[in-house]
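Engineer: Here is what each chain is made of, one letter per residue.
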Amino acid sequence: MTNQRIDNAAPGLALTPGQRAILDIVLDMIVPPSADGRMPGAAEVGVPAYLLAEAPDALGVLCGELEALERRSRERFARTFTGLEAHERNSLIEELRAQAPSFMSRLAMEALACYYQHDRVLEGLGQEARAPYPKGYQVVQGDLSLLEPVRVRGKVYRDAP
Amino acid sequence: MTADVDVLIIGAGASGAALAWSLAETRMRILCLEQGDWVNPADYPSTRRDWEVRMDREFSPNPNIRRRPEDYPINDDDSPISVVNFNGVGGSTILYAAHFPRPHPSDFRVRSLDGVADDWPIDYATLESYYALNDRQMGVAGLAGDPAYPPHALPLPPVPLGLAGETMARGFNALGWHWWPSDTAIATQDYEGRAACVNLGPCKSGCAQGAKASADITYWPVARRAGVQLRTRCRVREILVDDKDMATGVVYYDEHGVEHVQRAEVVVLACNGVGTPRLLLNSRSARFPNGLANRSGLVGKNLMIHPWGMVRGAFDAPLDSQRGPMSCCILSQQFYETDRSRGFVRGYNMQITRGLGPVATARMGVTRGDIPWGAGHHEAFARRYGRSINIGICCEDLPEECNTVTLDPTLKDSNGIPAPKITYRLSENTERMLRHGLARGTEVMQAAGAWDVYSEGPVRQTGWHLLGTARMGEDPERSVVNGWGRSHDVKNLFIVDGSVFVTSGGVNPTPTIQAIALYVADAMKQRLANLFD
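Chain order of the listed sequences is A and B. All residue numbers for the first sequence refer to this note's numbering, where the first residue is 1 and numbers rise by one. All residue numbers for the second sequence refer to this note's numbering, where the first residue is 1 and numbers rise by one.
Some clues are possibly wrong.
[Unchecked claim] A few chain B residues facing chain A, derived, Cβ under 7 Å:
(1) S46
(2) R49
(3) D50
(4) P105
(5) S106
(6) S112
(7) P147
(8) A148
(9) L161
(10) G165
(11) E166
(12) V198
(13) R323
(14) V359
(15) A362
(16) R363
Think of the hints as simulated: they come from the structure by calculation, not from any bench. These numbers were taken from a predicted model, which means no experiment stands behind them. All residues carry an ideal CB built from backbone N, CA and C; glycine is no exception.
Please construct the entire structure, taking both the sequences and the accompanying hints into account.
Structural biologist: Below, the structure is given as structure tokens:
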């Protein structure tokens, strides 16, 4: 699957614009853009479409948790989650991580999988964005003269009767 | 009912393939039934951008996660280690690492040398020529002269050390410990029609290059050209016997679930240390109420699984460690032979493996808290990716009758055949060995210059080595098959997979499994006139 397809293939994901905005903030809290601009944030790599393709079972819970996050934001701070200060968002997310650890862990694991397969990320790491096959990679052969002391020490197995 | 055959092999993995190839020269009618299918190398994860995710899903080594139609479920609730395998032509060699060390001569004489378990009825010398033959057939790479072994030559030069291997080599040298480039079933040069390794990396999800020696591309093409018939998507339910205690054939289901009977003069089990006892236990009859070939009561007992420890080190220097054959680099057998001053008998192999891909690096780092969410994420990731090295600690576990494969009372496969249940625990000896291995692994990581070292064990998803559940021996009261793989109870039934191991050694068992299969095949050929006497 190309990244183009990943980025644009989320028509079946029933996130409202508000939920999508909250999800983008949460994703960037997991992996933010790098200060030098070399690495994108996790909100920029098509995670919703990835979830639809690879983790559809998580989508229902995701929508519910995003709604709950918005409710708590309004209850606690009388503002929408997207309008909170960074430290306010952090406090709500830390609460969610404590109260729904398996969901937040799952979201993070899926987001990381999507992120670290993306062209922009791999290129940011200085790698070619491609499958390993067919081109493969070069690996230095290594210095087998390092074996000399092993040879000198000699036999390390027992004879058997 | 289908046409009779002379030899019916159940399972097309490492041992079934080797035996089929060897027996082909007899021109007997040989049929192999395999519950899985051929795997198309174009489908392997390394052909795709999302290879790391595919490795964990349809190419997961755990059948309970993979859940292909040809997989059978395994109840591993009563084990700290999950069984991992692959069902298809080539069997678990499709997903194995291809780390290919032989055992030591002492591994066949543990009672005589160390006073524990039992000696094997065969020894290293018996199998030596079969190891060499198998090395040639599989195409094994390595470097002659390893002082941990009797002299043996390999047909291909070793896999590259890479910067990671060099780094660890210096650590071992600093401590004065043994290390050596691993014997590896990977074609490091073009070999017998197979293209040379190009360091794709994820060998453990299948080799799209065809450089890794899985049995589907080594033994099977030759065996089939020689006339062996291989029938896929055929799952055997039970082995049939007559009133003279002779196997007459099997009942199996084809891919559409249609039941068939296949008659045979000889039946050979090659289903691994879980699949074989499962099939024997499912083959109950009036003459064998406790399972076929189980008058000793030892079918399914003495399961050995090689508890696995993992030590991971992170280094300052870039090592490009995510490149190269994932699990093959160097090994150390410094702690392989018994030294009672360590607090345990027997020993372990240290298998130095390479680093992880970017997804696995990030996921593991975040899970462990080494790589944070938010600020500092990129910096922490960069300190580990391509700069990490792993050591696998492969512990020899001794046979214990409490470690078993039994039939689950409720769990069944898609054909309704009772599924296996694993009951396993680590002995105190193994626990001590594992702790020793984790500590020594940490020590050598530090000697090599790691700035951070993490260790754990036993690692759950590592039950590759399924051994001992139909052990060989000369005493029918204490073993299931004799010294050349024939059942004591059913004289035309043979077993050639890891079930027949008497003890487990401390190394990856595929070379020994295949050497035994070739040895049993030769024993059968030499006795064709009086095979059942």
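Engineer: Each hint needs a verdict: does it hold in this structure or not?
Structural biologist: The hints, checked one at a time:
Annotation: interface hint on B:S46 holds; nearest CB of chain A at approximately 4 Å, less than 7 Å. Below 7 Å, beta-carbon pairs count as interface contacts, and B:R49 has one with chain A at about 5 Å; its hint therefore holds. A least Cβ separation of about 5 Å between B:D50 and chain A falls short of the 7 Å threshold, and the interface hint therefore holds. Look at B:P105: its Cβ gets to within about 4 Å of chain A, closer than 7 Å, so that hint holds up.
Against a cut-off of 7 Å between C-beta atoms, the interface hint on B:S106 holds, since the closest Cβ of chain A lies about 4 Å away. The beta carbon of B:S112 comes within 5 Å of a beta carbon in chain A, closer than 7 Å, and the hint placing it at the interface holds. Taken as an interface hint, B:P147 checks out: its beta carbon lies about 5 Å from the nearest beta carbon of chain A, inside 7 Å. Because the smallest distance between the Cβ of B:A148 and any Cβ of chain A comes to about 5 Å, under 7 Å, the interface hint for this residue holds.
Of the supplied interface hints, the one on B:L161 holds, with its beta-carbon coming within about 3 Å of a beta-carbon of chain A, less than 7 Å. Hint on B:G165 holds. Least Cβ distance to chain A is approximately 5 Å, under the 7 Å limit. The beta carbon of B:E166 is positioned within 7 Å of a beta carbon in chain A (closest approach about 5 Å), and the interface hint is therefore held. A hinted interface residue such as B:V198 counts as satisfied when its beta carbon comes closer than 7 Å to some beta carbon of chain A; here the least separation is about 3 Å, so the hint holds.
Look at B:R323: its Cβ gets to within about 4 Å of chain A, closer than 7 Å, so that hint holds up. For B:V359, the shortest C-beta to C-beta distance to chain A is roughly 5 Å, which falls under 7 Å, so the interface hint holds. Hint status for B:A362 relative to chain A: holds, with the closest Cβ pair at about 4 Å, below 7 Å. Using the Cβ-Cβ criterion of 7 Å, the hint placing B:R363 at the interface with chain A is satisfied: the shortest such distance is roughly 5 Å.
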